[in-house]
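A.B. asks: Use the sequences and the hints to build the structure in full.
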Amino acid sequence: MTYDADVIIIGAGGGGPVVAKELGELGVKVLVLEAGPWYGNKKWPNANNASGAESSSCIEDLDLGLLTKQFTDYEADMNDLISGKFRWGPADRNRNPWFRSLAQTGFPWQCSGVGGTTLHYWGNSPRAYPLAVDNVWPIPYRELIPYYQKVEATLPVHPAPMTAKEELFFYGARKAGYPLLSTLNVTNPGYRPQPNAILRPDPRINDPDFPFGEKPAGCTLRGHCVNGCHIGPSVAKVAKRSTLVSYMPLALETGMVKVRPNTFVTKILSENHPQEGMQAIGVQFRNTWSGEFGELKAKVVVMAAGAIETPRLWLNSALPPNPWVGKGLTNHYFDCVAGIFDENVLMNLLGTPEANPFVGQNSAARLDYPGLGFVGNFGMSPGLFASLLYAFGQDGHNFPHKSVGEQLKYLMSQYRRTLSTLIFVDDEVNPQNEITLDPVFKDEHGPVPLIRYRPSKKDKEKRDQLARIAADILRKAGAKEIIRANWPPGIFIHSHNTMRMGYVTDTNCEAYQVKRLFIADNSVLYNGLGGPNPTLTTQALATRTAEKLVEKYLK
Amino acid sequence: MYYNPKVKVTLEALVDAIIPNTPRLAFEQGAIQAVGGLYSHIDEYLIWSLDHFYSNLALASPTAELLDIAARQLIEMGAAGKCLDPAACPNGSSFAALSQKDRLKAITLLPFPYQNNPIFNQIIADALDRFTVFGYYSEWSGYGVTRFAPFEERKLEDIPVSWKQVRYPGKAYRYHALRGYLVDKFTE
Numbered sequence: 001m002t003y004d005a006d007v008i009i010i011g012a013g014g015g016g017p018v019v020a021k022e023l024g025e026l027g028v029k030v031l032v033l034e035a036g037p038w039y040g041n042k043k044w045p046n047a048n049n050a051s052g053a054e055s056s057s058c059i060e061d062l063d064l065g066l067l068t069k070q071f072t073d074y075e076a077d078m079n080d081l082i083s084g085k086f087r088w089g090p091a092d093r094n095r096n097p098w099f100r101s102l103a104q105t106g107f108p109w110q111c112s113g114v115g116g117t118t119l120h121y122w123g124n125s126p127r128a129y130p131l132a133v134d135n136v137w138p139i140p141y142r143e144l145i146p147y148y149q150k151v152e153a154t155l156p157v158h159p160a161p162m163t164a165k166e167e168l169f170f171y172g173a174r175k176a177g178y179p180l181l182s183t184l185n186v187t188n189p190g191y192r193p194q195p196n197a198i199l200r201p202d203p204r205i206n207d208p209d210f211p212f213g214e215k216p217a218g219c220t221l222r223g224h225c226v227n228g229c230h231i232g233p234s235v236a237k238v239a240k241r242s243t244l245v246s247y248m249p250l251a252l253e254t255g256m257v258k259v260r261p262n263t264f265v266t267k268i269l270s271e272n273h274p275q276e277g278m279q280a281i282g283v284q285f286r287n288t289w290s291g292e293f294g295e296l297k298a299k300v301v302v303m304a305a306g307a308i309e310t311p312r313l314w315l316n317s318a319l320p321p322n323p324w325v326g327k328g329l330t331n332h333y334f335d336c337v338a339g340i341f342d343e344n345v346l347m348n349l350l351g352t353p354e355a356n357p358f359v360g361q362n363s364a365a366r367l368d369y370p371g372l373g374f375v376g377n378f379g380m381s382p383g384l385f386a387s388l389l390y391a392f393g394q395d396g397h398n399f400p401h402k403s404v405g406e407q408l409k410y411l412m413s414q415y416r417r418t419l420s421t422l423i424f425v426d427d428e429v430n431p432q433n434e435i436t437l438d439p440v441f442k443d444e445h446g447p448v449p450l451i452r453y454r455p456s457k458k459d460k461e462k463r464d465q466l467a468r469i470a471a472d473i474l475r476k477a478g479a480k481e482i483i484r485a486n487w488p489p490g491i492f493i494h495s496h497n498t499m500r501m502g503y504v505t506d507t508n509c510e511a512y513q514v515k516r517l518f519i520a521d522n523s524v525l526y527n528g529l530g531g532p533n534p535t536l537t538t539q540a541l542a543t544r545t546a547e548k549l550v551e552k553y554l555k
Numbered sequence: 001m002y003y004n005p006k007v008k009v010t011l012e013a014l015v016d017a018i019i020p021n022t023p024r025l026a027f028e029q030g031a032i033q034a035v036g037g038l039y040s041h042i043d044e045y046l047i048w049s050l051d052h053f054y055s056n057l058a059l060a061s062p063t064a065e066l067l068d069i070a071a072r073q074l075i076e077m078g079a080a081g082k083c084l085d086p087a088a089c090p091n092g093s094s095f096a097a098l099s100q101k102d103r104l105k106a107i108t109l110l111p112f113p114y115q116n117n118p119i120f121n122q123i124i125a126d127a128l129d130r131f132t133v134f135g136y137y138s139e140w141s142g143y144g145v146t147r148f149a150p151f152e153e154r155k156l157e158d159i160p161v162s163w164k165q166v167r168y169p170g171k172a173y174r175y176h177a178l179r180g181y182l183v184d185k186f187t188e
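So the sequences go chain by chain: A and B. For the first sequence, the residue numbers in the numbering used here are 1 to 555. For the second sequence, the residue numbers in the numbering used here are 1 to 188.
There could be a bad hint or two in this list.
[To be verified] Cross-link-like lysine to any residue pairs, in silico, SDA-like; alpha carbons within 25 Å at most:
1) A:Lys-42 - A:Arg-260
2) B:Lys-171 - A:Lys-476
3) B:Lys-101 - A:Gln-414
4) A:Lys-42 - B:Lys-155
5) A:Lys-476 - A:Asn-344
6) A:Lys-442 - B:Leu-57
7) A:Lys-480 - B:Ala-26
8) A:Lys-299 - A:Arg-286
9) A:Lys-476 - A:Leu-180
10) A:Lys-69 - A:Leu-180
11) B:Lys-6 - B:Asn-91
12) B:Lys-8 - A:Pro-211
Derived from the structure by calculation, the hints contain no laboratory data.
C.D. replies: Below you can see the structure in the form of structure tokens.
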């Protein structure tokens, strides 16, 4: 058989580029297929308007000037769920987003494109709580540590810097009686800066005379993590370390990795091998500009399309049935709690009358609470801020209880004196929470995923408890008014566990039923990690998976 | 952007209920707080969003129709408070004839089933609020006359009034705002 590459990786989001870089460094020939556009690459100067080239494999193709032009810092331009550059849809913004069915109110919030959802993530990179892994996962926590360390050094990950909003959050947490934590392996409740993948600001940042120049190194605390960071001297040194600017340039540097954006994989190709049994031999794909289908072959295939698309792809490929494919979906059952402060309270505490949600990194402080989850502070530009806090809550049939009308305008008039937090619940894996194929709706890539999630009674109790903790922190910090958004359970910002290790894959993340098929995204995580943000753990596992697949098939 | 007048007037009424003019807030905080979503053409943003977010179905028109049915139901139930005479309402929209408060109440009555999907109108009802709020507080209205130009030709012509209302200064290149590090280095 002739191969297009040794390994095909499906998806260039949080996990895929990690596998690509690790394999490239081991001398393995890799082809990465990504459904969405590639921003900041000269081969696609009009990434949203023209099909451009077929592929890129050269670091010289990366262009910071182009990235800066494309990442405009405007939230509708970047993050509109329907037409934004960061949406789940084709590169061509004149076409509608790709549809997902939901069995409830809500929506999945994911991005297509090289970098995937890390394009707009906040860069937070905590490890799992050891409590959620040891004697729970099929592998122990200590097995993950060297891979965590490798990813933390590569991104790199550091304690986040404080601005006013973080100082206020920490003050409240301290007053509420929690200790400061400085460990990466959190076993007890406490507050700490976010361990995040954002390059530190220049130490001279507060000097009014310090010339930043056109291309400063490090974060400039400008509050646009979510709208697409482009701050840095080159693409590979942009401050917020989405995989677009971290692992992907490192992968290209190996000279072994080729990436095709605008390439939606519609099917895993497999065959029965007399000795190995069923094995993956390649993929079928569709070019999102031309609509043409094609096939590509490789010795090994890695699925890294995310916790919604990876099970969809398995199911649409008619691979052997497994009762756990698509099952066990968790989403950290988010909620949002905020406090509004009086000017004099802020003045006394911070020496400034405002907490300014648009200043600083989008989320740089957290309160960890193993057993419940965690509370993280956040601040953003006003469209996203208002959406999360005042428009995501409740569901259609509780409309009068949303913050609307004059009340909404009053609350938003207090924007600069509002400190907001997000709640992330250690929600249970439940096989009834699932990705299946919609029996009716299809798009150009086959039956669309149908998403269903109901929190358990215990999950609800944990969320209520975390909401009380968040409110307590805000009150202790001096908030005069507390708002709880009460999000419906169907908002998917984090999604995991739909192709679980130990059920769908072995401990090397290779599918039990299909050899040479590996998984390297949030779907393979055994559980929701106890609440912490999933990206770092997925990247650590992806690092390990690259090593394992080479050992097994490519030595 | 042209739209069937009844659809337009119905969705205008919706935007006007979610983000109304607020003279009282203006009295308390300053004149800038007076205007709401319609001043910023958010009805147009909502119509465009409804017509583009769901596969290949344009949903603005059926959504307006549903809102109107819900409004008539509210009136028939006697649950509507002070209500204009629907017959007198421009373009015959009962929804637009309701008070702002009753319009929000009517949304909870969106009739089942829609597209044979009982969840679907709930999803729509939820999206109505999300689209409107995001559209209003984002930069969208600042695109002015270029707001429906091809995406790459849009230009931010004005500061959105919502940004002035919340005192968002717009995008900045840097802030001299570092307050140090609570932890310099994490430990194992």
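A.B. asks: Now tell me if each hint is right for this structure.
C.D. replies: Do the hints match the structure? See the list:
| no. | hint | verdict |
| --- | --- | --- |
| 1 | A:Lys-42 - A:Arg-260 | holds (14 Å) |
| 2 | B:Lys-171 - A:Lys-476 | violated (31 Å) |
| 3 | B:Lys-101 - A:Gln-414 | holds (23 Å) |
| 4 | A:Lys-42 - B:Lys-155 | holds (23 Å) |
| 5 | A:Lys-476 - A:Asn-344 | holds (15 Å) |
| 6 | A:Lys-442 - B:Leu-57 | holds (13 Å) |
| 7 | A:Lys-480 - B:Ala-26 | holds (22 Å) |
| 8 | A:Lys-299 - A:Arg-286 | holds (20 Å) |
| 9 | A:Lys-476 - A:Leu-180 | holds (16 Å) |
| 10 | A:Lys-69 - A:Leu-180 | violated (40 Å) |
| 11 | B:Lys-6 - B:Asn-91 | holds (5 Å) |
| 12 | B:Lys-8 - A:Pro-211 | violated (51 Å) |
Of the hints listed earlier, those the structure fails to meet are numbers 2, 10, 12, in rising order.
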